[in-house]
Amino acid sequence: MMHDKNSNALLIGALLISGLFSAVPAFAHHSVQAQFDIHKTFTVSGTVAKVEWINPHSYLTINVTGSDGKAQKWAFELGGPGALRRAGMSREDRGGLKPGDEVTASGLAAKDGSTTGFLQELKLADGRVFKFAADPNGN
Amino acid sequence: MRAKWLTVLVKRTLLLGALAAFVFQTAGGQSSNSKTAAAAKATPAGAVDGASKSGNTDVAKTLKTAAEALGLARWSGVGGQRLPEVDVINTMELWGTGTTYGLGQAYKAGAPWPAYKTEYHAALGYNPPAMRVEMTRASTGAPAPGGATPLHTIQVVRDHFAWDESEIGGGLVSGKGTATPAMSSANDRLLQLWILPYGVIKAAIAAGDKTKVTTENGASVITFPLSGPLAEVMVKATLDAQNEVAKVETRSDNPALSDMITETEYSEYADHGEIATDVKSPGHIVRKQGGHPVLDLRVKMLDANNPYLVFPVPENIKKAAAQ
Amino acid sequence: MTRHFLISRGFVAAVLFCLLPAVAFAQANGGPRMDHEDTLPPTPTGPTPMTPDGHPDLTGLWNGLADNLLGVPNQMHNVGIEVGPNSTRDIHSGVQIATWPLQKRDRQNNEQNERAATLLRRMGSNRPIYKPQYWQRVKDFDANSNEEDPSNNCMPAGVPRMGVPSYIAQTPTYLVFVYPGQGGLIATATSYRMIPTDGRKHTNLEDLDGTWNGESIGHWEGDTMVVDSIGFNSTSWFDQLGGYFHSENMHVIERFHRDGNTLTWTATVEDPDVLLEPWTTTPRVALLNPDPKAILQESLPCSERDFAHVVTKEHH
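Residue numbers (our numbering), protein chains in the order written: chain A, 1 to 139; chain B, 1001 to 1323; chain C, 2001 to 2316.
Keep in mind that the hints were calculated from the coordinates and are not lab data.
Treat the hints loosely; a few may be bogus.
Claimed, not checked - List time: in silico PhoX-like cross-link candidates among lysine-lysine, alpha-carbon distance up to 25 Å:
| id | chain 1 | residue 1 | chain 2 | residue 2 |
| --- | --- | --- | --- | --- |
| 1 | C | K2131 | B | K1319 |
| 2 | A | K40 | C | K2313 |
| 3 | A | K111 | C | K2313 |
| 4 | C | K2139 | B | K1300 |
| 5 | B | K1280 | C | K2139 |
| 6 | B | K1280 | C | K2313 |
| 7 | C | K2313 | B | K1300 |
| 8 | C | K2131 | B | K1176 |
Unchecked claim - According to the in silico footprint, chain C covers these stretches of chain A (three or more CB under 8 Å from chain C):
| id | region |
| --- | --- |
| 9 | 32 to 38 |
| 10 | 45 to 57 |
| 11 | 102 to 113 |
For every residue, glycine included, the Cβ atom is placed at its ideal position computed from N, Cα and C.
My request is simple: use the sequences and hints to build the entire structure.
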């Protein structure tokens, strides 16, 4: 993959649009709406703690400093490993996420008030933006 | 005192024969779906049935709009597939409270029929067609003749079989309740299934070319015949401004079928499920039969998530029907 | 070329790319067909390979339509709902179901998709007939499946809930079935079964500890492989969804029939303790993976973290 400006623009464009319009199914094994408030989104910024590739959901855990200065761990679940793969983030050394990377994550808020969310958008320090169009129960 | 004429009418409906309601559903559905589908505009897939032209477009469009308003027509392409919308409704269970009236049981001719406070619980399905209505009634005090009216009844219909249960599922397992044949009530009970809003839409689609759409006082009106054992019943359904089925009237040109003359009003549509299903159901149901009120019901809850409801026919009922 | 031109080209390319997302993704990942225009069973093509001892060879990677529990189209196929381009049929009852071909890609939000999916998976007429004293229990299990589903928390699906194996290896004396871990309808770890076909008889039921997959033995009836299983726990459910519990006396008879590149599977569940009569699934037809070089990918490990946070009862 070339790294000049044009290709990056193409890549961002492709990923933005594919993320927005693609109805690619996300893997889910229960109703998202039983756990997350589909009408309530939130955003946190922090550093990547870990990325886990698991069934039924992959997880991105972010270390966030709360407004009280205390450390919090926010666990974002993704529809499935395919979402990260499609966003070109399947390998650390190939544009993927590494522990320590600075990110801003937006997603659906948990109904039980826990520090979890359903990831919808991820902004990286290098300017890349990834949208995850979850289509729960498509698979 | 039940009028003798009513008994004669009920017996005459049996002359319509043993065609099962499931035959009605199957036969009707097969002929109509391709036409309904084809009446829609050509799809990217390009499949259009040339036999249906614009004459059917209004009917197809009205039925589709009404089906979507009920939450009956739903896109099956969940997950990004290029699949069509389908009718997802099979089983439902509803609980309501209200008043039922003793049919034809006026103490004196011309007096209002006795009224009963009623807890109403119905389980139903369209594939196969079946309904189980459990009512618990308390008299409102109006004198009722002929002895005690049964206060707890469970009335079942499945295809062309009809029976009464002493308890839910009675008669299926030895020692657990009984099932009493009620074959002469089969058509009355089936009719209840098909005059519900979901039944109306399903039957209107199944009636294919026989379904017409007109406008009365600005409202869309759908008319069509039922089929199978109810083939001589015509249905007229009026939609409200939200395209919900607001009024359903049935009649028959056969004078022997005057008990098939019903008029039901449905209102206060909402999603009445414990969890949302996007299926809309009426919150208030008012029914008249032969011009007299028979039912006035407020729905407390309706489970429209295709719940597990089955209507197996007890062996003694099958035997009784075969005789 | 100007940057503007390249970017506009890029956007066009991106739009075109995203019109084939599922297919492109699936194929790029060696994964089987995920994009569906129908839920009709595949038509068999090609010869049925035979083994030297004169039986159809069931060996193959049978995930040509993805793992059989994955995706609403497969789940509808599993309950016997055949959606065609213009019509839909319930194959168990023969009833035609009203269908409206898609005119444009409708935008639905995720809530609407989930609610529709819950209904679509349950619209079939083929239901096991329990004894009336269990009707309420089945209904309650289904409605409360977030809590009650025994497969929750990465527990097995069991037999016959797992459905059709994704991979079969056939030798003269045994079959090996592999069911990759799933992350879709139910999240499960990988499972396997090793089924002797050497003519041995079952162990006495009293000597078997109940397990998720039971004890299976297989034998040929003509060209159909019949797998007979007993010795189940009473924990599992026996279909993809629905709260269909059973007793330890459940007896399952599966039938596998290969026709070219298709494999048809049915399972019959006998459990007179809880059912009024035996129940048989509608036939499920699996497709051989069209890539002859395809192999099973490693399943992701199963780690369930959601049920501790589920607040309301919306379920699959």
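The hints, checked one at a time:
Taken as a hint, the K2131 of chain C and K1319 of chain B pair is honoured in the structure, with Cα atoms around 20 Å apart against an allowance of 25 Å. Distance hint between K40 of chain A and K2313 of chain C is fulfilled; the C-alpha atoms sit about 19 Å from each other, no more than 25 Å. Of the supplied pair hints, the one linking K111 of chain A and K2313 of chain C holds, its CA atoms being roughly 12 Å apart against a limit of 25 Å. The hinted pair formed by K2139 of chain C and K1300 of chain B meets the criterion: a straight-line CA distance of about 18 Å does not exceed 25 Å.
Straight-line distance between C-alpha atoms of K1280 of chain B and K2139 of chain C comes to about 21 Å, which keeps the hinted pair within the 25 Å bound. The suggested pairing of K1280 of chain B with K2313 of chain C holds, with an alpha-carbon distance near 19 Å, which does not exceed 25 Å. In summary, the hint linking K2313 of chain C to K1300 of chain B is supported, as the alpha carbons are separated by about 19 Å, within the 25 Å threshold. Of the supplied pair hints, the one linking K2131 of chain C and K1176 of chain B holds, its CA atoms being roughly 10 Å apart against a limit of 25 Å.
Remark: the region 32 to 38 of chain A is confirmed as covered by chain C, as 5 of its residues place a Cβ nearer than 8 Å to a Cβ of that chain, reaching the required three. Remark: the region 45 to 57 of chain A is confirmed as covered by chain C, as 6 of its residues place a Cβ nearer than 8 Å to a Cβ of that chain, reaching the required three. Taking a C-beta to C-beta cut-off of 8 Å, the region 102 to 113 of chain A contributes 3 residues in contact with chain C, enough for the three needed, and the coverage statement holds.
Checked against the numbered hints above, the structure breaks none of them.
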